[in-house]
Amino acid sequence: MSQMNGEGTVHARGLRKSFGERVVLDSIDLDVASGEIVCIIGPSGSGKSTLLRCVDGLEEIDRGVLRVNGQDLGFRETPRAYQALKRKEVAAQRTRIGMVFQSFNLFPNMTAQENVMSGPVLVKGAPKAESRRRADELLTSVGLQGHGDHYPWQLSGGQQQRVAIARSLAMDPSVMLFDEPTSALDPERVGEVLAVMKDLAHRGMTMLIATHEMGFAREVADTVIFMDGGLVVEKGSPADVLGNPQEPRTCKFLETVL
Amino acid sequence: MTTTSESVRKDRDKQDLPELDATVKPRVHRRGALEYFAWLCCALVALGVVRTVFTNENYQWDVVAQYVTAETVLRGLVMTVVLTVLCMTFGALLGLLLAVLRVSPLRPVRILAGAYITFFRGTPVLVQLIFWFNIAALYPHLAIGIPFTDVSQDIDVNRLISATTAAVVGLSLNQAAYQAEIFRGGFASVDKGQIEAADSLGMSRGTKLRRIIVPQSMPTIVPATGNQFIGMFKETSLVSVLGVGELLMSVQLIYARTYQTIPLLIVACVWYLVMTLLLSYPQSLIEKKFSRTRARVSNGPAAVPTQTEMMGEAK
Numbered sequence: 001m002s003q004m005n006g007e008g009t010v011h012a013r014g015l016r017k018s019f020g021e022r023v024v025l026d027s028i029d030l031d032v033a034s035g036e037i038v039c040i041i042g043p044s045g046s047g048k049s050t051l052l053r054c055v056d057g058l059e060e061i062d063r064g065v066l067r068v069n070g071q072d073l074g075f076r077e078t079p080r081a082y083q084a085l086k087r088k089e090v091a092a093q094r095t096r097i098g099m100v101f102q103s104f105n106l107f108p109n110m111t112a113q114e115n116v117m118s119g120p121v122l123v124k125g126a127p128k129a130e131s132r133r134r135a136d137e138l139l140t141s142v143g144l145q146g147h148g149d150h151y152p153w154q155l156s157g158g159q160q161q162r163v164a165i166a167r168s169l170a171m172d173p174s175v176m177l178f179d180e181p182t183s184a185l186d187p188e189r190v191g192e193v194l195a196v197m198k199d200l201a202h203r204g205m206t207m208l209i210a211t212h213e214m215g216f217a218r219e220v221a222d223t224v225i226f227m228d229g230g231l232v233v234e235k236g237s238p239a240d241v242l243g244n245p246q247e248p249r250t251c252k253f254l255e256t257v258l
Numbered sequence: 001m002t003t004t005s006e007s008v009r010k011d012r013d014k015q016d017l018p019e020l021d022a023t024v025k026p027r028v029h030r031r032g033a034l035e036y037f038a039w040l041c042c043a044l045v046a047l048g049v050v051r052t053v054f055t056n057e058n059y060q061w062d063v064v065a066q067y068v069t070a071e072t073v074l075r076g077l078v079m080t081v082v083l084t085v086l087c088m089t090f091g092a093l094l095g096l097l098l099a100v101l102r103v104s105p106l107r108p109v110r111i112l113a114g115a116y117i118t119f120f121r122g123t124p125v126l127v128q129l130i131f132w133f134n135i136a137a138l139y140p141h142l143a144i145g146i147p148f149t150d151v152s153q154d155i156d157v158n159r160l161i162s163a164t165t166a167a168v169v170g171l172s173l174n175q176a177a178y179q180a181e182i183f184r185g186g187f188a189s190v191d192k193g194q195i196e197a198a199d200s201l202g203m204s205r206g207t208k209l210r211r212i213i214v215p216q217s218m219p220t221i222v223p224a225t226g227n228q229f230i231g232m233f234k235e236t237s238l239v240s241v242l243g244v245g246e247l248l249m250s251v252q253l254i255y256a257r258t259y260q261t262i263p264l265l266i267v268a269c270v271w272y273l274v275m276t277l278l279l280s281y282p283q284s285l286i287e288k289k290f291s292r293t294r295a296r297v298s299n300g301p302a303a304v305p306t307q308t309e310m311m312g313e314a315k
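One line per chain: the protein sequences are A and B, in this order. Residue numbering for the first sequence follows our numbering, starting at 1 and increasing by one per position. Residue numbering for the second sequence follows our numbering, starting at 1 and increasing by one per position.
These are computed hints drawn from the structure, not numbers from a lab. As the structure is a prediction and not an experimental result, all values here were calculated from the model. Treat the hints loosely; a few may be bogus.
To be verified - Think about it this way: if two alpha-carbon atoms lie no more than 30 Å apart in a straight line, the pair counts; the simulated DSSO-like pairs of lysine-lysine are: (1) A/198 x B/192; (2) B/192 x B/288; (3) B/208 x A/86; (4) A/88 x B/208; (5) A/124 x A/235.
Just need the whole structure built from these sequences, with the hints factored in.
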């Protein structure tokens with residue numbers, strides 16, 4: 001039933017999402033291959049965050065096709081309609097998609113280690129001792145060895161965001177989504193988070209990243225997507241989109257941010 | 001012009017001491033005449049109260065002293081404490097259940113919980129108490145059994161509902177409605193991003209509630225519940241109308257016999273006040289503890305100070 005061959009891919013066709021009257025995503029087509037790094041750029045309100053939230057299942061799309069890891073997200077396709085899946089089935093799909101938020105959203109009632117363990121233990125029912133060991137490994141891999149006992153309020157923004165990345169990775173996701181992961185950070189803390197993301201990219205993780213960090217996009221992305229007004233305006237390699245944009249709208253945006 | 005220069009001269013005459021350097025001069029704040037007047041009024045009122053309390057013999061302080069530790073009174077006090085603890089426990093448990101139902105994804109469940117809360121908050125608790133006491137008039141027999149079978153046990157409601165059970169049932173059900181609103185307010189205080197993070201991990205509704213929402217809403221819930229506890233302690237005096245032998249009832253029983261109404265009411269007040277003060281100490285500690293955690297709990301680097309902390313700074 002589950003198509004294991006689609007693991008790590010995202011596929012969208014004619015995706016549409018509106019909040020009331022306002023259309024925030026319109027006829028979005030997207031194809032992300034396994035291991036591909038896609039950076040989504042664009043002004044605030046262009047729909048980049050909403051697109052990522054749809055791919056994570058936090059928002060339900062109005063119309064169109066949305067397949068993540070080779071499965072229709074939250075629904076089952078029948079000849080005449082998409083039928084909603086059971087809550088448990090949706091939760092199972094979501095465990096394979098990791099999301100990193102702009103505001104970190106670490107659980108403040110848990111230590112860094114407990115945050116990282118929360119997915120495996122509370123969702124998958126993994127044994128605690130093993131999860132604790134795994135959490136320490138993950139914290140080490142994001143450069144936070146020895147911070148396991150710290151509560152979120154004892155950590156800097158950059159450290160919190162790295163814990164949040166480790167928390168997502170603990171679920172062994174096939175796709176990682178980053179919703180402006182460095183926008184809430186002090187400038188001197190941005191680098192440490194980007195370094196962790198770069199490391200992750202080199203290890204072959206599929207990543208969709210909404211970002212304002214053009215340097216990062218140029219260096220790490222396989223594909224750059226420029227969005228504006230809920231539409232994909234331009235799509236291509238970083239060299240093309242950032243270095244030689246074809247659309248006047250893209251040119252104008254890049255002029256203001258670079 | 002003249003007044004200004006005069007006052008300056010007067011100031012200088014007063015000060016025989018050498019002038020201080022401008023950087024170390026203390027800043028003296030004005031004390032308005034209004035403040036002195038307020039202090040005077042306060043002192044006069046206090047004096048008047050103390051005077052009448054000690055000179056008016058109708059207070060009968062000797063009677064107060066005689067009854068304040070009387071066995072009947074102490075037994076009433078114990079009853080009051082037991083009622084408070086029981087009703088708060090049942091009320092909090094049922095309130096939590098109601099609050100969870102109130103945020104259920106199923107609309108009919110939400111409506112039912114909402115209707116319960118509206119009814120119990122919308123009618124006076126005294127009326128509810130009398131209603132429960134007389135419930136046997138409405139349902140004289142209660143049958144507990146398995147539906148669609150002959151297996152059942154008939155219960156005489158008149159015997160089941162004594163004054164004390166009516167009191168516990170009435171106060172608990174009423175308390176549950178208020179407690180449900182406190183829990184709901186607490187749940188609503190949890191940041192939306194927390195729920196999204198939990199959803200994103202694929203957490204089930206129950207896990208989310210137990211591990212994320214409830215622990216994080218405690219800073220809002222616990223202090224408010226402490227207030228309710230103190231309120232409930234005083235509210236139990238209402239059940240004296242049902243003849244439950246709590247604190248107020250026990251002093252009423254005595255003054256019905258001795259006609260020393262005022263001194264015995266003072267006895268009751270002394271105990272209510274003592275207990276309330278005893279309870280408000282841990283309450284203030286709890287409030288302080290949780291207001292501190294709340295400042296930390298907020299996400300991101302910019303923690304918003306809580307109201308009490310801001311007030312503390314202003315002082």
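Going down the list of hints, with the structure as the test:
1. A/198 x B/192: holds, 29 Å
2. B/192 x B/288: Cα-Cα ~25 Å, so holds.
3. B/208 x A/86: holds, 17 Å
4. A/88 x B/208: OK: residue 88 of chain A and residue 208 of chain B at ~14 Å, within 30 Å.
5. A/124 x A/235: violated, 37 Å
The structure fails to meet hint 5 from the earlier list, while all remaining hints are met.
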